[in-house]
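Undergrad: Those protein sequences? They're chains P and E, same order as listed.
Sequential numbering from 1 applies to the first sequence in my numbering.
Sequential numbering from 1 applies to the second sequence in my numbering.
In short, the hints are calculated from the structure, not lab data.
Hints may contain errors.
As the list claims (entries may be wrong) - Far from chain P, by Cβ distances over 10 Å, these chain E residues were calculated: (1) ASP9; (2) ASP21; (3) ASN26; (4) GLU36; (5) ALA50; (6) LYS60; (7) ALA67; (8) TRP77; (9) THR82; (10) ASN126; (11) GLY127.
As the list claims (entries may be wrong) - Partner residues aside, some chain E positions facing chain P, computed with beta carbon under 8 Å: (12) THR19; (13) LYS22; (14) VAL32; (15) ALA34; (16) PRO35; (17) GLY52; (18) ILE68; (19) MET92.
Backbone N, C-alpha and C fix where the C-beta goes; we use that ideal spot for every residue, glycine too.
Below are the chains, spelled out letter by letter.
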Amino acid sequence: MELKLPIYLDNNATTPCDPRVVDAMLPYFTEKFGNAASRNHSFGWTAEEAVDYAREQVAKLIGADPKEIIFTSGATEADNLAIKGVFEMYASRGNHIITCTTEHKAVLDTCKHIEKLGGQVTYLPVAADGLIDLNELEKAITDKTILIAIMYGNNEIGVIQPIREISKIARKHGVLFFTDGTQAVGKVPVDVNADGIDLMAFSAHKMYGPKGVGALYVRRKSPRVKVTAQMDGGGHERGMRSGTMNVPGIVGFGKACEICMNEMEAEGQRLSKMRDRLEAGLMQLEEAYVNGNREHRLPHVANISFKYVEGEGLMMGFNKNIALSSGSACTSASLEPSYVLKALGLGDDLAHSSLRFGLGRFTTDEQIDYTIKAISETVLKLREMSPLWEMFKEGIDLNSIEWAHH
Amino acid sequence: MAYSEKLIDHYTHPKNVGTLDKSKNNVGTGLVGAPECGDVMRLQIEVDEATGVISDAKFKTFGCGSAIASSSLATEWLKGKTVDQALTIDNMDIVEELNLPPVKIHCSVLAEDAIKAAINDYRVKNGMPALELEEKKH
Chain P
1 MELKLPIYLD NNATTPCDPR VVDAMLPYFT EKFGNAASRN HSFGWTAEEA
51 VDYAREQVAK LIGADPKEII FTSGATEADN LAIKGVFEMY ASRGNHIITC
101 TTEHKAVLDT CKHIEKLGGQ VTYLPVAADG LIDLNELEKA ITDKTILIAI
151 MYGNNEIGVI QPIREISKIA RKHGVLFFTD GTQAVGKVPV DVNADGIDLM
201 AFSAHKMYGP KGVGALYVRR KSPRVKVTAQ MDGGGHERGM RSGTMNVPGI
251 VGFGKACEIC MNEMEAEGQR LSKMRDRLEA GLMQLEEAYV NGNREHRLPH
301 VANISFKYVE GEGLMMGFNK NIALSSGSAC TSASLEPSYV LKALGLGDDL
351 AHSSLRFGLG RFTTDEQIDY TIKAISETVL KLREMSPLWE MFKEGIDLNS
401 IEWAHH
Chain E
1 MAYSEKLIDH YTHPKNVGTL DKSKNNVGTG LVGAPECGDV MRLQIEVDEA
51 TGVISDAKFK TFGCGSAIAS SSLATEWLKG KTVDQALTID NMDIVEELNL
101 PPVKIHCSVL AEDAIKAAIN DYRVKNGMPA LELEEKKH
């Protein structure tokens, strides 16, 4: 089969819709266009039935009851609803939230907002491999702690946090546990009961569903969790999230969950095999480093630093043909490289030199071969024009140089 | 962000990549930027002592495509100019020639700094006082 370019390896940013998902959605734009809240005619009933069915599909993927699923516009909204909603609902119990430094901005910035409202937030550091320290987590809990917010799998490095251990600690202290499952749900088995999750945000477009739809899982039994609505209006989603249901989006989300449920095991194995091959191929280069824990990791993610070349410059060498992300942001607005990589303790130089690979359902072996070759060639070419590489090869310690910071 | 053809050409086929012998008296070396900031440029000039004309220029750059293209362009412009003429190269000339987007203007500033640092190194080596350089905002 001929290789079609460009190759998409940025599946942590978003995934294409699976054609099976699109097929399921299409009728709900045209002939089945009803408002799921229209109680008095068949258009409304048809839409409501579709939403109910999708709710079952979504719930099933994470081992939840359909009544525990609140549809939102995406994971960012679900993150906001979980954190702000718990903060408001449980204000009488306390005002302290524990999270960690490698969370997605949707969690971190929401926590910053909570601080402005007078809440207390502890940002746990992570070890060099990206995992939090469970002892530190437990020590951070006070009698004012109402919520632990730790992500399932990280979007930049793919590291999976010890979810079951975290939930045990949360239970022991009577604290709610929220996890941002955006990158993990549909990719690895997530079971809200076995994992002890009280609230979880996730999104359709990271699992081959459409953009603009996500969900918040809110536990109904032992304990019964409630969140204060952040969107007021018609009282949809049991009053927790008003707004007309995005019926086609929700139908697509349901179908996407069903496909993931059926294919996850085989797909996970296929992806981790391909990812490992990609990694092994690129690690043939000198001074290449894998970022994050390699054992507790999502199967489709790799994050590699190629020392002495800058990530954005590196991507320019192949971004016509390969789409992926870099941890470097070389703009005058922000010279700061990825805060996630910096939280691992990486020097700015390594953080600036990183590439993030997100493999997906439509990634092929041929694409991986092409990628290994194209990236290796670009790294070698750019090192030939890197003054830092030359210094490294001459044995000069780069830390001994007094750099002109700007 | 779409880059200009000229910029992409300089990135794909950079001119004058390499190293001059910095121990030579007629070679000036400028090393600017920092690894933490994501760009480091090393720009070198070789001056014909009889004529005062820059006979060769080389660079090596760690940085994004705009930084690489800015330094490649700078070396092209330097060759054939006298040292005094070289001092008149302004970062905005580079911005215009490569059509750098606003967020990449700092790359051109860095290239101008590298030119001036190389010239100063050459001047100091040859018993001339270093020039006071105005600080440009990066």
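Undergrad: Hints first: check each against the structure and report whether it holds.
TA: Tested hints:
{"no.": "1", "hint": "ASP9", "result": "holds, 12 Å"}
{"no.": "2", "hint": "ASP21", "result": "holds, 13 Å"}
{"no.": "3", "hint": "ASN26", "result": "holds, 21 Å"}
{"no.": "4", "hint": "GLU36", "result": "violated, 4 Å"}
{"no.": "5", "hint": "ALA50", "result": "holds, 30 Å"}
{"no.": "6", "hint": "LYS60", "result": "violated, 4 Å"}
{"no.": "7", "hint": "ALA67", "result": "violated, 7 Å"}
{"no.": "8", "hint": "TRP77", "result": "holds, 18 Å"}
{"no.": "9", "hint": "THR82", "result": "holds, 26 Å"}
{"no.": "10", "hint": "ASN126", "result": "holds, 22 Å"}
{"no.": "11", "hint": "GLY127", "result": "holds, 24 Å"}
{"no.": "12", "hint": "THR19", "result": "holds, 7 Å"}
{"no.": "13", "hint": "LYS22", "result": "violated, 12 Å"}
{"no.": "14", "hint": "VAL32", "result": "holds, 6 Å"}
{"no.": "15", "hint": "ALA34", "result": "holds, 3 Å"}
{"no.": "16", "hint": "PRO35", "result": "holds, 4 Å"}
{"no.": "17", "hint": "GLY52", "result": "violated, 27 Å"}
{"no.": "18", "hint": "ILE68", "result": "holds, 6 Å"}
{"no.": "19", "hint": "MET92", "result": "violated, 14 Å"}
Consistency note: the structure conflicts with the earlier hints numbered 4, 6, 7, 13, 17, 19.
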